Amino acid sequence: MVVDQPVKRRAQSGYVLMVVLLLAGLMVATTAAYARHAMLDWRVSTASLWVHESRESASSGMAFAKQVLASGGSCGTTEVVAGDNTVTVEITEAGPDERSIRVDATSGQLGSTVIATADVFGLPGNVLPSLTAAGAASVLSDGSAVKLSGKQTLTGQTYAGTLILAKGADITLSDVVVQGAIVSETALSAPPYAEPDEVKLTLAAGARVGPSSVLADCGIFIPDGALTVQAGCSVEVHGVVVAASLDVQGTGSMDSHVVAAQPFALPAGIDRPGLGRSPLDWPSALTCSSFGVARLAFPPQAPPDGELAAIEAFDFPAE
Amino acid sequence: MTGRAQPTAGMTLLEVLVGTVIVSLVVLSAGWALAGANDSKQIHAEEPIDAALIAKEMYELALRQDTSGSGDPPATNAAGVQGLDSLDGASFCPPLAASLAPLSVSDALQWRQDVDVQVFDLANLDAPASEAFAPATDSSSKLYRLTVDVSFRGLAEGTWWWWINP
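First to last, the protein sequences are chains A and B.
Each residue of the first sequence is one higher than the last, beginning at 1 in my numbering.
Each residue of the second sequence is one higher than the last, beginning at 320 in my numbering.
Keep in mind that the hints were calculated from the coordinates and are not lab data.
Watch out, some of these pointers could steer you wrong.
[Stated by the list, open to error] In silico EDC-like pairs for lysine to aspartate or glutamate, Cα to Cα no more than 20 Å straight-line:
id, chain 1, residue 1, chain 2, residue 2
1, A, K200, A, D175
2, A, K147, A, D104
3, A, K147, A, D170
4, B, K461, A, D175
5, B, K461, A, E90
6, B, K375, A, D170
7, B, K375, B, D468
8, B, K461, B, D385
[Said to hold, decoys possible] Covered by chain A, according to a simulated footprint, are these stretches of chain B (three or more residues, beta-carbon under 8 Å):
id, region
9, 331-340
10, 398-409
[As the list claims (entries may be wrong)] Have a look at the derived ranges for each label pair, beta carbon to beta carbon:
id, chain 1, residue 1, chain 2, residue 2, range
11, B, S418, A, A216, 45 to 53 Å
12, A, A190, B, L474, 47 to 55 Å
13, B, S425, A, L266, 39 to 47 Å
14, B, G473, A, S74, 13 to 21 Å
15, A, T153, B, A442, 40 to 48 Å
Since we're looking at a predicted model, the values are computed, not measured.
Where is the CB? At the ideal position from N, CA and C, for every residue including glycine.
Start from the sequences, fold in the hints, and give me the full structure.
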């Protein structure tokens, strides 16, 4: 028996097409995202030579800037060749004791920038201060200055001015009062000084040095010399003591900075009045070129306009 | 037999057009991705990163060295590294890492690092003040230039150099 009845049909395929289109759209988004990754990867990945070269060029530029400051160089902008790149090093004065450093390095199309702030401060370490031009001129114009040379032992004398130790001098002061500073002749010129221990100064029995009206706050300044204070000597020094090497025995006092290029230790018998209460100032007649980097910054790089536009134009797929 | 007429099965012209556009985008994106990947591969092939990293290990090692001058001869192995002056003229095969351990790299015995140290004055970075290492104080106006040549199986892979503070 045949019964006439309506034929049942399935739903139309429009929904299938919609699903296919959505999947295709997802594929487009995924492929485009990967394409962008592949395009950027060779420029910014850590496996890119450009990344390494720009960073290392920036490091070389920073080494240059640090050495300029350490050597007492002046501010300015310098183009420095570092590796295969040219680095721009800019040092500016950010304050009386502060310098700002900016290093810009570019390799290929990728740039690295390092920004640092350096504190310039008077900490000798193995870097001895030097006389300023004004300080040296002040000594040279001191009419009461006495110049000593050769090997001499001076006993029981009083000097009312600066004692200048000539090159190669080997001087022993025994029971001597110097109403001024003791300065080596070499120190009157700019460093670097010729040879360490070129001058020898020995204090024996008793010695009083300073204060000086010619070189304020300077006591003994022989950055090219060796200072020896013999055991049993009673010593009193007013002002900074600077020498290439120090061998201090005896007793007494030194009331300001005591620095040397070579390691040394002061005996317990040497009083340091005022030391540790507050930072000691350095005499204005001395230049201290030491410095320390206080703050470092690695600012993020702004992508080029083309990349920025591509990033902004990219439409992420809807979730 | 009775019944209503059914809509025609299939796609409209609009659906076909939209589908065509989407498929085109897929093809274009795939091409873009392949081109980018190809560029990346080509650049890496032209400028291999391996040699640069091997050279950089020597830079990191040099930064750790004392610059006062030890008087030691040029190093040929980790034990011989006794300050920056021992790197002047040094040659390492297999290459050394910054930690002084042998560098972990495939075919290590085929790689070589040749190191050179020169002294430059800050005022003239174009010509060396001294071709050989010379001690300099922290506050001097000198800079060291560390140059590292990297070779693989006797063939030069590249030369890299850096400025170093005394």
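Results of checking the hints against the structure:
no.: 1; hint: A:K200 with A:D175; result: 17 Å, holds
no.: 2; hint: A:K147 with A:D104; result: 51 Å, violated
no.: 3; hint: A:K147 with A:D170; result: 12 Å, holds
no.: 4; hint: B:K461 with A:D175; result: 43 Å, violated
no.: 5; hint: B:K461 with A:E90; result: 19 Å, holds
no.: 6; hint: B:K375 with A:D170; result: 50 Å, violated
no.: 7; hint: B:K375 with B:D468; result: 11 Å, holds
no.: 8; hint: B:K461 with B:D385; result: 15 Å, holds
no.: 9; hint: 331-340; result: holds (count 3)
no.: 10; hint: 398-409; result: violated (count 0)
no.: 11; hint: B:S418 with A:A216: 45 to 53 Å; result: 51 Å, holds
no.: 12; hint: A:A190 with B:L474: 47 to 55 Å; result: 49 Å, holds
no.: 13; hint: B:S425 with A:L266: 39 to 47 Å; result: 58 Å, violated
no.: 14; hint: B:G473 with A:S74: 13 to 21 Å; result: 47 Å, violated
no.: 15; hint: A:T153 with B:A442: 40 to 48 Å; result: 44 Å, holds
Hint compliance for this structure: hints 2, 4, 6, 10, 13 and 14 are not met, and every other hint is.
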